[in-house]
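Colleague: Full structure from sequences and hints, please.
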Amino acid sequence: MTDEQFDQLVKRIQQRYGSRPRWLRARIAWLVAVGYAGFLAGLLLVLVISAGLTFVAVVAGTEPSLVLMAIVALLLAFGLWQMLVFLWVPLKTAKARVVTEDEVPMLFRVLKQLEDDYRTPPFHSVQMTSDFNASVQMVPRWGVFGFNRTHLFLGLPLMQMLSPEQFAAVLAHEFAHSSSQHDRFGMWIYRLRQTWSRVFTELQSAGNGGVLSSFRGPLMGFINWYWPRFNAHAFVLSRANEYQADRIAAEWGGASPLAQALWRIECFGRRLNDDFWNELTLLARSHDEVPEDVVARMKAFFDEEPKPEDGQRWIEQSSQFLTGSIDTHPSLSDRLQALGLDVREFARDGFPIPVAQTADVLLGPERDQIEQDVNAQWQRENRLRWQNVFHQARRIEKRLVTIDGAAEPTTLTVEQLWEHARTIGQLQGTAAAEPLLRQLLKRTPLHGNAAIVLGSHLLERGNNEGEQFLRHILSDPEHDMIPAACGVLSAHFQELGQSEKVREMQAIVSRFQAAQIAAATERSVVTVKDPFVPHGLSETELASLRATLAAQTEIAAAWLVRKELKHVQKQQLFVLVARTKPNGLFGGSNADRDRALVTALMSSVKLPGRLLIVAPQGGFRALAQKIMASESSPIVP
Amino acid sequence: MPTTVNGVGTHYYGKQDAASRLGTCPHCGAAGKLESYTTRLWFVIIFIPIIPLKRVRILDSCPRCQRHWVANPEQYEMSRQLAVSGALEKHRAQPTVETAMVTHAQYLSFHMHQEADAFRAGALTQFPDNAELLAGFASHLDQTGRWQEGTPLYEQSLALKPEAPEVRHSMSWRRTNEGKLDEAFELLDYLRQPGSGQSFNLEPLNMLAKAYQKQGNHEKTLELCAVYLREAPAIGEQHAFRKLVAKSEKALSLESSLLPTREFSIRDLFDSKSGTHAPWVRWVAFGSIVMVLFAIGMLGLNEYNRTHRTLYVLSAYAQPVLVSVDGGPAVPVNLRTKISISEGQHQLAISGPVTKQIAVDLRSPYFSRWLSSPIWVADVEGLSSVFVNTIHYSMNPKPSEEYWLDKDFNFVPHVDYAFEQPPASLKVEGRNTVVTKVHLGTMPLQPTSVLLARIMQPDQSVALTFAEGHLDRNPNDSSLLSVYAFRVKGDANERRVAEFLKSKLWRQPISVAWHRTYQSLKSVGAKHAELLTEYDAQLEKDSNNAALLYLRGRISPTRAEQVKFFRQSYEKDGAQQGWPAMGLAIDAANRGEWAEAKEWCDKAVPALRGDQSFRTFWHTVQMANGDTTELEGMYRQALQGTDLAEMLSAVFRLSDALGAKGKPDDVRREYLTWWNRVSGGKPSSNGRTTYELMIDYVCGDTGAFLKKQPNLEPKELAIYQFQFLIATGQPDVAAKLPDLDTLMDDWTEPLALSVSFALKGSQAEADTWRAKACEELRRDGDSDAVRAAALLERDTAPTDAELDEIVLRTTDTPILLVALAQRFLDRKPELNQRAAKLNVSRQPPYLLVKQAANQP
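First to last, the sequence lines map onto chains A and B. Add 6 to the 1-based position in the first sequence for our numbering, that's all there is to it. Add 226 to the 1-based position in the second sequence for our numbering, that's all there is to it.
Just so you know, these hints were derived from the structure itself, not from any lab. Given the structure is predicted, the values throughout are model-derived calculations rather than measurements. By construction, the Cβ of each residue, glycine as well, lies at the ideal position given by its N, Cα and C atoms. Do not take every clue at face value.
In silico negatives: residues of chain B with every beta carbon more than 12 Å from chain A [stated by the list, open to error]:
#1 Phe269
#2 Ile277
#3 Leu314
#4 Met433
#5 Ala477
#6 Ser514
#7 Thr668
#8 Asp698
#9 Ala755
#10 Lys934
#11 Leu938
#12 Glu991
#13 Ala997
Derived pair list, reagent style SDA-like, types lysine to any residue, alpha-carbon separation capped at 25 Å [to be verified]:
#14 Lys535(A) / Phe426(B)
#15 Lys404(A) / Tyr416(B)
#16 Lys507(A) / Lys535(A)
#17 Lys499(B) / Leu81(A)
#18 Lys612(A) / Phe336(B)
#19 Lys633(B) / Gln672(B)
#20 Lys404(A) / Phe336(B)
#21 Lys316(B) / His573(A)
#22 Lys499(B) / Lys535(A)
Derived DEER-like restraints, expressed as beta-carbon distance ranges [to be verified]:
#23 Ile272(B) / Ser609(A): 39 to 45 Å
#24 Ser482(B) / Arg155(A): 30 to 36 Å
#25 Pro378(B) / Arg155(A): 42 to 48 Å
#26 Gln519(A) / Pro378(B): 39 to 45 Å
#27 Lys476(B) / Gly370(A): 48 to 54 Å
#28 Leu480(B) / Trp194(A): 50 to 56 Å
#29 Ala244(B) / Arg389(A): 39 to 45 Å
#30 Gly235(B) / Trp194(A): 57 to 63 Å
#31 Pro459(B) / Ser610(A): 54 to 60 Å
#32 Leu289(A) / Lys476(B): 53 to 59 Å
#33 Lys440(B) / Leu289(A): 27 to 33 Å
#34 Ser610(A) / Gly235(B): 42 to 48 Å
#35 Pro546(B) / Gly58(A): 33 to 39 Å
Modeller: Following this line, the structure appears as structure tokens:
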């Protein structure tokens, strides 16, 4: 199921069950039951067969059958083996800096209070990361059957940006998902969806299986059918759970700290993505040593005030971003609205300023050591990636030297110019390649790759000129890059909160894809039932064709028509019927000569479109006769 | 793929539009000339094409394994033309490197190699020195197995763009295969850079490392492995990689290893794709699980077998027997009931016709529970005739072994066929193979046979209860009635029999057999007058009842009255019951009128053919008339049956008939044939059996007896020993036989002894035994017997009329007549003549009577 189909399914479910939450829950409960039944079907089948054979071997038989018992053991072991390998999907827990209660008592005091208030079991581990995020990871011990270990991951940068109250509100939101106090079924489905999501992703990618992978085919078939349906229903419920978790967290610590936390996370997150990580990537391209102070760099980055225009752009993006169908988390504006707050009030206060004392308060004297460990962890995890970026940059540099030495940009061909721009973009960032891209698009406005790269770069910078480049692609309804252009524009409009334009982009993509599929189907086959029209060649083209045909001494007559196409009409499809001269005693033709003529014509005839050449006899006889019967089709003699 | 079996199936014939290319078969991996062509699939018989099935396009047919792809020729042709022309048109409209590569790929994908070669040449002219195009074309050629043609293109591309990883990759592969490992090593420098695993496939490192190891350059192997491990630490878990590293480390005798400690994962152990263990380890693990499951299953099976043992409870009683195990609910047993019971000690409570408790202990060895099917059999009072037959199936027949289960509770360690018929034959492998099966079954005996065997035991109560149950259900079973009434011993048992018979005497409809038996009881003989009153009373109610008329006639005090009632009964009944005809036949036989007796017998045969007492009489009549051919056939047929009582009767009568014809050899042959059948071929014990003495007797072979006599035990086979002794002039020896008293329960034996003594001239002993015989006759109570005693005791010879009045068993009358002849010498000739006329059956005391009757 494509993302778009999934999106439509989510919308249909929302429309159907929007006013009937009980029916939605009933439907999801049914889907869960179907899911477990499906997962266990193979095992049940094996168990039933084994039980039957055991009955025959032990009870029904007149004497004990050791052979049957051995078969039962073999069958059972095989079934268990297959199911074990298939359904027991190993998911690795992310490894970060584990903190203990002895080490950071204040943090655990807060966590303990939340555990008590929400009646949740303690996490199996609490770990500090370098992410700008706080999350709970559930790792199922038994694959699809769950039995999770839960780990709490706390980003040190997040702790550095929020006040203690705001950070506690974020924790409260995460705890609410694990709470047994509120909407147990809904929260269970939320967790189940998360677990299954990981398991199925692993299953679909790993291609794991037993020796014979006997159960893999049917089970994967079931999962491919089942998972999008369950996911879509659970998605709708999970989104409601997000609102509920926000409400519960607001009740616990107040709406204001939670709202402030959400606002800060949204704004700082955008700033990180747009600037910090891009700068770090550029650093990787020039320095092979991995930084050992990424957390401090992040703090220093936030301590600097952003440029006013950038700050304003991130504020607008944060406050206007629309709720999508990828993430169960609603948009910031929707979440604040659900808490009874208006995002515009936060926007009016300008870009937020970091509040640095939370990490000191919660981590106490161990803070520095923890930060050092988190940095080291980040360094370890990213060393190879970093060095790869560095060495790739060196390879690209070599290419750049070659291109630079080749000629002046103005004298380069379109392809060379694109290669030059792409190389500079990879090495120095898109901003450095912008002049070359503009030059390229000036020469070839419909150059898809250049338009996409430049358009998306400009839109990221808040420059609406990027939309023009992208829309230019859309002006050609048969342009190959339409889906990519629509994807960039759709994301842009979503950030701006322009839902109608988002839908417009989605509609364009749908139309394009449908037309492409239909056109491909239409051009892949010619049958006697197809409608044919006169070939429509110009006199010059026709003369050229006749000359080509005349070069073939074997040809006696030829007919040419064009298939009437409904989709992407500029791509034409011709059908040429070529008949050989009669020979032999009775003046007949033969298949070998016809085939030889068709082969010869295939490499010599050049028409502005696809071409099917057939002989009047053989497998295409009916088609050829229909074409030959057409008055306008004869071209030779 | 077309397939033929013995020349029948499908086959391709014809080849058109053929094209071929050099390449590697994707199925078998063999390099060779792969052929594509259009052909036709035929249904063939003996490889002769019979029915054309379809035209097909064969793609890349491998000359080695013959495997190929198949397509519809028209669809294939259409797809080929449209796809290629579409790509060409696009390339012509906008000639770029990308469109050139797409077109080239389209040509190759449709096996248009010549066209692809031409196009490639043109495109390389159009885009000279384009490294991407060269590499792309080379890659296409690689994918179609044309490695050698791709090499110069890669080399040109590498010269133009030395940093291109995909070209270096392909070239390194070639150099590795060529054995130029150092060149390959240099080409892979991009993979040795830190972080390369983030972007590139590291497999060339592994391949090169293996090649180095093959050349013995372990340092280089480890260097490359270290790079691989650094870039992809997960490879350290892979079994093949670890083996590679370990081999080189061992070759270099390194103390430390670059391999990480492997984390054990149960799941990975079973996942073939995890690659963490060698295949054999996975199979061992799988085998272990199978073994564990099998062991669990076997333990469960053993326990199940232990707790679900088979106990058969058998009862030959006609009445249902109730069996309760350990005080549980009572289970009715009609003939046979299967009870599932656990091993251990149990208490069986049996109620119904018999009440008793049986303590049973079911046990079997632990390991035998898997291999054997033991059965426990509780045979109530041992009446069911249960046998265990061990049958050997083989090419060379081997006799089976059989034994009887004669206890109340029996254990059979293994049974293959429990109370079911084993197959007559089994398929055995090999000439010398013997398949042994155990059959547990019951001999389908008639109640009479069972009773015969059981009533011989000292405690007759079980036998009587058994018989009463069956008689209650089948009151006309004359043979059972006979054994029940006349084999009983002891006053108490005799009273029990009399009371039982009397209690159901007047049950409707009247059972003639039942009444005949009752009338014949000794204790009833003296009460015939009372019985007559009862019959008369019954006849007053139902004067046309033929059975009552017959029965009334049987106990009439005079012969004239008897004959009158028999005739009345016959008139009422015709030959329906046969009894009056038999009565009249006996009357005629008593007078020595055998022809008349035969006439009456013939009338009785249809109704009384199955009655034992009639058949005994009929046998005598037929013998007297010298017409035993029909009987011999019947007896031989009976010997082939399974009813023991029938067989025994048949043995005696057939011997009798053949003996009378003077065919001693036939007698002995018939006997041996039958004996071998019933005994399973076991030799008889030195000619001492009852049957052999009986045969000697009916053949009149006193010499054989005298020869055997020294070896006979005094108690052995008392009846025939006694009869031979008195027939060979040894009455004094006979009189001293240990079990003589048991033989003297009838009047014939003492009278025979008296006759024998008289023949020997010992008149005093003769008188003593005659007096004892008279005593027995009187005890019999029957009016005929009383009259016979009176004749023996009085001083005047009996007249013929008086003799006619005495109607005894036909076989008993001759001994009475010779005894009277010895006493009344004045009528001796007439009496001996009459005795000789009646002495027809060769059974005892035939020889004595014959000897006495022949004495002048």
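Colleague: Does each hint hold? Answer for all of them.
Modeller: Right, here's what the structure says about each hint:
no.	hint	verdict
1	Phe269	holds, 21 Å
2	Ile277	holds, 19 Å
3	Leu314	violated, 8 Å
4	Met433	holds, 21 Å
5	Ala477	holds, 29 Å
6	Ser514	violated, 9 Å
7	Thr668	holds, 18 Å
8	Asp698	holds, 36 Å
9	Ala755	holds, 64 Å
10	Lys934	holds, 50 Å
11	Leu938	holds, 49 Å
12	Glu991	holds, 67 Å
13	Ala997	holds, 67 Å
14	Lys535(A) / Phe426(B)	violated, 50 Å
15	Lys404(A) / Tyr416(B)	holds, 13 Å
16	Lys507(A) / Lys535(A)	violated, 41 Å
17	Lys499(B) / Leu81(A)	holds, 21 Å
18	Lys612(A) / Phe336(B)	holds, 19 Å
19	Lys633(B) / Gln672(B)	holds, 20 Å
20	Lys404(A) / Phe336(B)	violated, 38 Å
21	Lys316(B) / His573(A)	holds, 17 Å
22	Lys499(B) / Lys535(A)	violated, 50 Å
23	Ile272(B) / Ser609(A): 39 to 45 Å	holds, 44 Å
24	Ser482(B) / Arg155(A): 30 to 36 Å	holds, 34 Å
25	Pro378(B) / Arg155(A): 42 to 48 Å	violated, 57 Å
26	Gln519(A) / Pro378(B): 39 to 45 Å	holds, 41 Å
27	Lys476(B) / Gly370(A): 48 to 54 Å	holds, 51 Å
28	Leu480(B) / Trp194(A): 50 to 56 Å	holds, 53 Å
29	Ala244(B) / Arg389(A): 39 to 45 Å	violated, 58 Å
30	Gly235(B) / Trp194(A): 57 to 63 Å	holds, 59 Å
31	Pro459(B) / Ser610(A): 54 to 60 Å	holds, 58 Å
32	Leu289(A) / Lys476(B): 53 to 59 Å	violated, 44 Å
33	Lys440(B) / Leu289(A): 27 to 33 Å	violated, 43 Å
34	Ser610(A) / Gly235(B): 42 to 48 Å	holds, 43 Å
35	Pro546(B) / Gly58(A): 33 to 39 Å	holds, 37 Å
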